[in-house]
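Here is how the chains run, residue by residue.
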Amino acid sequence: MTSKPDFDLECSNVSKTFGPVRAVDDVSFEIPSGSFFSILGPSGCGKTTLMRMIAGFENPTAGDIRIKGMSVLGTPPNRRNVKMVFQHLALFPMMNVYENIAYGLRCAGAGKAEIATKVKDVLERIALPDVGEREIHQLSGGQKQRIAIARCMVLDPDVLLLDEPLGALDLKLREAMKIELKLLQHQFNTTFVYITHDQSEALVMSDHVAVMNSGRFEQIGTPQQLYHKPASAFVAGFVGDANRWNGRVAEARDGRARVETSAGLTLTCTPGSGQTFRPGDAVEIFVRPEFIRTSARNGQDAANDGAGDDGLEGIVDSLLFNGANSRALVRPPQGEPIEADITLTGGPEDIRPGETVRLSWSPDQALCFAVGTAPR
Amino acid sequence: MTSKPDFDLECSNVSKTFGPVRAVDDVSFEIPSGSFFSILGPSGCGKTTLMRMIAGFENPTAGDIRIKGMSVLGTPPNRRNVKMVFQHLALFPMMNVYENIAYGLRCAGAGKAEIATKVKDVLERIALPDVGEREIHQLSGGQKQRIAIARCMVLDPDVLLLDEPLGALDLKLREAMKIELKLLQHQFNTTFVYITHDQSEALVMSDHVAVMNSGRFEQIGTPQQLYHKPASAFVAGFVGDANRWNGRVAEARDGRARVETSAGLTLTCTPGSGQTFRPGDAVEIFVRPEFIRTSARNGQDAANDGAGDDGLEGIVDSLLFNGANSRALVRPPQGEPIEADITLTGGPEDIRPGETVRLSWSPDQALCFAVGTAPR
Amino acid sequence: MNQADFKRLSLILLFMPFALWILLLIILPHIGMGVLALREKVGPRVYEFGFGNFIDFAMEPIYWNILFRTGSMSLLVTALALIAGFPIAYYIAKIAGRRSRGALFLVCLIPLWVSDLIRAFGWILLLRETGVVSSTLLWLGLVDAPVEMLYNDITVVIGLVYTVILFMIVPLVSTLDGMDNAMIEAGYNLGGNGWTVLRRIIVPYAMPGIISGCIIVFMLTAGSYLTPILLGGKNSSWFTETIYEQFITRYNWESGAAFGFLLLAFTSFVVWLGLKLSGQTLAGTVARN
Amino acid sequence: ETLRLLTWGSYAPEEVIKMFEEKYPDIDVEVTFSNNEEMIAKLRATGGAGFDLAQPSHDRVYAAQLEYDIYKPLDLSKIDTSVMQEKLLDGVKANTTIDGKVYSVPHQWGTSGLMADKSKAPDVSGWGDLCDPAYKGKTSMRLKRTILLGTAFSMGENPFEAYSDLDRYQKILDKVVDKLITCKDNIKAYWKGGDDLSALMLSGEVVASETWDSTAYKLYGENPNIVFVPPKTGALAWIDTFTLPRKGKADDAAYKWINFVLQPEIVKLMSASTGAIAAIKGGKDLMPEEKKAAINAAFTDADIANLQFFANIPPGVEDMEGKALEKIKAATGG
Amino acid sequence: MLDQEKNWGMLLGYRLYVLAFFIFLAAPLVAAGTFAFNDSLFPALPWQGFTFDWFFNDTEPKLGMFHDRRLLRGLYYSFIIATAVSGLSVFVGTCNAFLFTRREFPAKNFFYIMMIVPLVIPGVILGISILVFVSSIANGIEESYGIELEFMRPGILLVVLGQFSFITTITTLVIIARLKKFDGAMEEAALNLGASRARVLMTITLPFLRPAMIAAGIVAFLVSFENFNTTLFLVGSESPLTITMFDRMAKVGSTPVLNAVSFFLIVGSGLLALISILIQRDRSSE
Ligand SMILES: Nc1ncnc2c1ncn2[C@@H]1O[C@H](COP(=O)(O)OP(=O)(O)OP(=O)(O)O)[C@@H](O)[C@H]1O
Ligand SMILES: Nc1ncnc2c1ncn2[C@@H]1O[C@H](COP(=O)(O)OP(=O)(O)OP(=O)(O)O)[C@@H](O)[C@H]1O
Ligand SMILES: NCCCCNCCCN
Ligand SMILES: [Mg+2]
Ligand SMILES: [Mg+2]
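Residue numbers (the working numbering), protein chains in the order written: chain S, 41 to 416; chain H, 41 to 416; chain B, -9 to 279; chain A, 416 to 749; chain F, 3 to 288.
Note that these hints are calculated values from the structure, not bench results. Treat the numbers as computed from the prediction; the structure is a model and nothing was measured. Hints should not be assumed to be uniformly reliable.
[Said to hold, decoys possible] Under the rule of at most 27 Å between Cα atoms (straight-line distance), these lysine-lysine pairs were calculated in the DSSO-like manner:
no.: 1; chain 1: A; residue 1: Lys607; chain 2: F; residue 2: Lys64
no.: 2; chain 1: S; residue 1: Lys212; chain 2: H; residue 2: Lys222
no.: 3; chain 1: B; residue 1: Lys84; chain 2: F; residue 2: Lys182
no.: 4; chain 1: B; residue 1: Lys(-3); chain 2: F; residue 2: Lys182
no.: 5; chain 1: A; residue 1: Lys590; chain 2: A; residue 2: Lys607
no.: 6; chain 1: A; residue 1: Lys438; chain 2: F; residue 2: Lys64
no.: 7; chain 1: F; residue 1: Lys110; chain 2: B; residue 2: Lys(-3)
no.: 8; chain 1: H; residue 1: Lys212; chain 2: S; residue 2: Lys269
no.: 9; chain 1: A; residue 1: Lys738; chain 2: B; residue 2: Lys31
no.: 10; chain 1: B; residue 1: Lys31; chain 2: A; residue 2: Lys559
no.: 11; chain 1: A; residue 1: Lys742; chain 2: A; residue 2: Lys607
no.: 12; chain 1: F; residue 1: Lys183; chain 2: B; residue 2: Lys84
no.: 13; chain 1: A; residue 1: Lys664; chain 2: A; residue 2: Lys508
no.: 14; chain 1: A; residue 1: Lys662; chain 2: B; residue 2: Lys31
no.: 15; chain 1: B; residue 1: Lys31; chain 2: A; residue 2: Lys586
no.: 16; chain 1: H; residue 1: Lys269; chain 2: S; residue 2: Lys212
no.: 17; chain 1: A; residue 1: Lys671; chain 2: A; residue 2: Lys696
no.: 18; chain 1: A; residue 1: Lys433; chain 2: F; residue 2: Lys64
no.: 19; chain 1: A; residue 1: Lys586; chain 2: A; residue 2: Lys742
no.: 20; chain 1: F; residue 1: Lys64; chain 2: A; residue 2: Lys683
no.: 21; chain 1: A; residue 1: Lys742; chain 2: B; residue 2: Lys31
no.: 22; chain 1: B; residue 1: Lys266; chain 2: F; residue 2: Lys110
no.: 23; chain 1: H; residue 1: Lys212; chain 2: S; residue 2: Lys212
no.: 24; chain 1: H; residue 1: Lys222; chain 2: H; residue 2: Lys269
no.: 25; chain 1: H; residue 1: Lys212; chain 2: S; residue 2: Lys222
Extracted from the complex, chain S is given alone in its bound form:
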């Protein structure tokens, strides 16, 4: 036997083509045991295809997939110890909860008593000890979710795959389940691979996130890394909200670049990781709304600006009040409105639509990338 593998799941140079479509394109990654790994990307980028290859429902066109260090390329889906939670859960409606969970154990040939113990056990672990005799349609959305997970976990898989399992739930429940899923993963201490196109899900739950675009991985990293140090324009645009300008580099020095935007603004920015520019290069600049300070112009004027901060004035187009996450749409002299996070307390100091305000941000927070991969 080889030494204990460090990774529950490894993919190396996996590709999959459907006729002319390259659904997954040379993807490599490895997932350390017991971690929560998310794959985040827009619809159609190949997430499901990748997951189906891991589960064995599709064969890769090229590349290798290893589970606990062993290649599973020749192994049929029912022999892989990788379990999957489907988007619409795919619970069996003709069986009750107990039978749903027992199904995999029965397939594995477990004895009656063993099945009963294990099912009872897993139901307790998901905090639903008494639902065994219920029919599936008698469960709430969140309960179904947990049963779908229990059905897999009772088989003690090496890896649990989850394909947008929250997609079908309603808003409030989705929020609650995000936290719950993370807790369940802690509890079972199994490697979770979680697919989503919702960046907030990926950021909130994961230890590591891979951002996928058109079949390729753009970046793998912790949520913080993705958010604060995006490796590409696509990641910068897809993870978190951002204001975005297109422009050309006017001057580049000291790790900064001055850019003339196509609308005519002049902005200073920091090249994204691994980017270097020469004057004339086409770039895209990203600034997150929460890094933009908004101040009433009649107030301290530019006093609020830090040293070397970029700033511009604009007229408040509208206010999007959303409690703690309120935002202002500010129309600068040129170009599209800029979104800036603000706090609205309902008091007289609140800014109002029609006012002229000053927006400012640190050039450190304005990342720029060469125009290449077209972000969505």
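Here the structure of chain S is known, so what remains is to put chains H, B, A and F with the ligands in place on it, guided by the hints.
Structure of chains H, B, A and F with the ligands alone, referenced to chain S:
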């Protein structure tokens, strides 16, 4: 003729019962011309029923509905100048976009040329000038949405009703449409009545929001009023996130109350509007995560607390990184974990799971209400 | 590799029953019938190849008449079934309450499961001169002599509508069921009155169901045998009866086969025409429910 | 072993079958009701298989056998022909002998003629009276060859003689068709089976009709005003036969059945059920009393002498008659 | 207000129409059933009194249906034929459903239409074409080899095949409708949980299809039981009930025993139809 009415839509004491179910219970409100009015409430609270009465598909059991000052109780739905965007849009699949929009004009007996001009016009206003010949199924979700609105707006209604029109859209699109809807309303300058159970939709878009619960209106106000000055426990719990404790009043004076929570904490709070307490009263306390300050205990200790601030210590259970909206789950000595908004920069000053932190907030931000209406 | 083989093998296995069924019971028999139709009888046990049977048909106005009679009455029956059945289907799908809907549907179906024979038998008992209806009218004093309601074309039409209307209602209910009520409400909301909503929204939406129902009803009617025979009067010939006569009383299989072929061709042509005119397809209508 | 009978309705009464099965416990009788046309059609479809004993009328054996080869010759030694009335036996044999082989022997005979309710239609005496406007809307007939033949006779023609000259026969048919089309107005409905007719007559909806004699006798029992009327030109007489299908598998049982049902005590039961007269010596005496009375009320000896036996149908005639019937059916008379 | 009343009036009119329609539907069946209890030799008015003789009496002339050997035999053959037809057509229908919902193959659309076609071919023609085809083969074999293949002659087998030929379309459509609602992910989930393909079929897919298969079976049974047009040409000496009844009506003369049979069939089919609807409805609540 009477003088020009101030309100596009008025409901007075409207009720509707279905057998034993009281779906809408004595609801009164009026909507100033040209404003964006939302009705926000949990599923089944009677929002759709109310809207269907306005549109004329149901007759109120009691009360009156006036449009532009005229009662419409006897007017059949096809004679009311109130148009409606349905939850699943109800575009006619057997007609193309042009015909869908032209339908209402045809019903009104408009001439061919007039129809063509108007349809062209409204398509331009929704920024889809070239889709006239498309079939409905060739449109994207957001485009369908806009066509559904155009189909109503082309008839120049007094009021446009929208019943959770974003419910069927996916996440990113829903975000984008929120802003777009608001812009469209500005553009048409028509009164919009918008139904939703998603508080962020209601807050972001509306001039005024009515919070509805079990058939009744709990509060009508601007988004800020609802968020910062909820009139009831239900509103406090339903609009925006909040930590919540149940407890009994130990002492009440100076517009403050000291409360012993059922888990054993002692907290100070400000009675919600119109509430007065005596010792022994059962109350619920609400504190929004963004009003909670989190500080590492080893740091300046309680120095961060303002005068008279409430504070307690807890262990960080987990961190939910979500860019600007990150949150910590902190387990206090007693009771459920508390959610507090934090900023995670990825730097060494970030708090980490397992650390002990101090949470503090101003009692002004801790609202309490007598236990009564059970919030969802 | 292995999986591809498995897929191909299972495809073949699945295809076999279908192929055998369609080939042996539909295609070959119809080809056989076509071949038989092209055999001309020239004497006892003497046949030769030719179009004689079709020429016989073409030369004999009686047959034309019967075929057109069958065709036009079938169209009439189809139209009546649609007009009479649509409100019922609409009621079941859209107006009846949740629970009564199932019951109504069931009541609708019961006659479907009882043979033509019994249905016709029932009508005879009701409509004959000395039957229940006539006696009742007499007893009520509404008429002063027994009335014969049997043995005429109207009875045949009523009997046929009765026999086939369920095949109209079932597809209509299933399409109308799939129609979002909001669509109708939207129709009103945008200013349409009952008639516009029906004409511009409900009917166009139900079109696949309407066409599907019409096709089935038309084919069933044109191919029906017992009802027109048992309820029909002295002038009522039905083309299936003519076919039957050719086969059974004149032992003339050859011309019977030719007639069968003509009936099939004629009805198929009508259906094809109907599909063309309404812009629908066979797969999109009959196949849907 | 099973004996599969292909026969006329009522030609195999339950009681008779029970008695037969008691006598031959190893034989099971299975009956299919049919008529002349269907018998031939069925046997044609099977090439003479599927049944062990058929009972076509004497005039329908010869041509069908020539055309379709569906019967097999009888082994007369296995049938007790001595009990049969010679005149009928010889007649049938003459009609059904091909290449010297006999295919049929007689079983029962009867007539087709008219039936009238004497109280309402006292004057009916000939085929043509069905078209008498006096009974407008109250007469009936079966749209089959019998009425063609009857009408031909009533118009002074002898269709049987014309069988040898089909052109001539066609001319007669054309005349008959015209007549029957004009007559359509007079008719309430064409009956299709004995049941139809009984109901029509008993209810009084119809007062005169073409009929099988047996049906008339049955109704006489219910209502003595309803009598069989042999037409002046002669009632048309038929003899239903015993004939073996070519691929029958139970010939012995078939012979047993033939001999069994020709026993006088069985004949009694049979005639009671069918209303037809057995083709055995003294067959008429074995009729039940009320039927005998009906016959006596209907027939004089002159009528019996006047019987017109159906002649063998030569090939081609069936087609001509078929078309004639179709013409009448399709014509819009009234 | 006026409008309200008009609406109410219209709705009432509508309801009355629906009621009238259901009376129209029921009338002939009620008539056919009721006369089963008339103590008369003819199924006609006048009413002669109430009796169960037409069900249970064991002597002529009022031989009840449960003592009428021919009717019972017809019932028996109908039952045999209907059972065979429903078994066979559900089996083939299930295969077809898998074929058309799960597989891709060339000219699928064309084959799909071919699958629908038997439903719209007049029954008489189906019967004739099969009769002609099979007979000519049997005749050919007899002529060339002198072998008589009795099963190719009109009889139960041909009746079964004839009915099967169009009933299979019905069962296929019923089962396809169900299979289309099947979430393919369910099979993948089962595979993923360790089940073999055969096990997935037996424990997931077929149980899911079962209600539709039962319903299709019942429909096939009833349609077969009542079929006349196709059967007429293919029947041999073993006549099913409809043919027996038709022969009785047209060739012997009907007594109320036919009404008794009708009554029996109406009630029996009603029950079966009820069961099939309940099964169908049961699953729609999922
Ligand atoms: N079986 C298939 N045959 C052909 N193309 C396919 C197949 N499955 C997927 N594709 C294509 O591969 C690409 C990736 O699809 P995939 O389902 O993996 O996307 P996804 O990231 O899961 O999207 P979503 O978020 O919408 O679920 C898409 O362009 C899709 O059209
Ligand atoms: N036609 C009806 N008959 C009986 N009860 C009804 C009817 N329509 C609505 N109700 C009941 O009235 C209450 C309010 O329903 P309504 O549809 O107005 O809720 P809603 O606020 O729109 O909910 P949702 O957000 O889920 O759409 C519910 O309890 C519902 O069950
Ligand atoms: N054309 C020949 C008629 C033979 C009739 N046999 C009748 C039997 C009726 N019970
Ligand atoms: Mg996917
Ligand atoms: Mg609603």
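Against the structure, the hints come out as follows:
no. : hint                 : in the structure
1   : Lys607/A x Lys64/F   : holds (23 Å)
2   : Lys212/S x Lys222/H  : holds (23 Å)
3   : Lys84/B x Lys182/F   : holds (24 Å)
4   : Lys(-3)/B x Lys182/F : holds (20 Å)
5   : Lys590/A x Lys607/A  : holds (24 Å)
6   : Lys438/A x Lys64/F   : holds (25 Å)
7   : Lys110/F x Lys(-3)/B : holds (16 Å)
8   : Lys212/H x Lys269/S  : holds (22 Å)
9   : Lys738/A x Lys31/B   : holds (16 Å)
10  : Lys31/B x Lys559/A   : holds (23 Å)
11  : Lys742/A x Lys607/A  : holds (17 Å)
12  : Lys183/F x Lys84/B   : holds (23 Å)
13  : Lys664/A x Lys508/A  : holds (23 Å)
14  : Lys662/A x Lys31/B   : holds (25 Å)
15  : Lys31/B x Lys586/A   : holds (23 Å)
16  : Lys269/H x Lys212/S  : holds (22 Å)
17  : Lys671/A x Lys696/A  : holds (19 Å)
18  : Lys433/A x Lys64/F   : holds (17 Å)
19  : Lys586/A x Lys742/A  : holds (14 Å)
20  : Lys64/F x Lys683/A   : holds (20 Å)
21  : Lys742/A x Lys31/B   : holds (21 Å)
22  : Lys266/B x Lys110/F  : holds (22 Å)
23  : Lys212/H x Lys212/S  : holds (17 Å)
24  : Lys222/H x Lys269/H  : holds (24 Å)
25  : Lys212/H x Lys222/S  : holds (23 Å)
Going down the numbered hints, you'll see the structure goes against none, and every one checks out.
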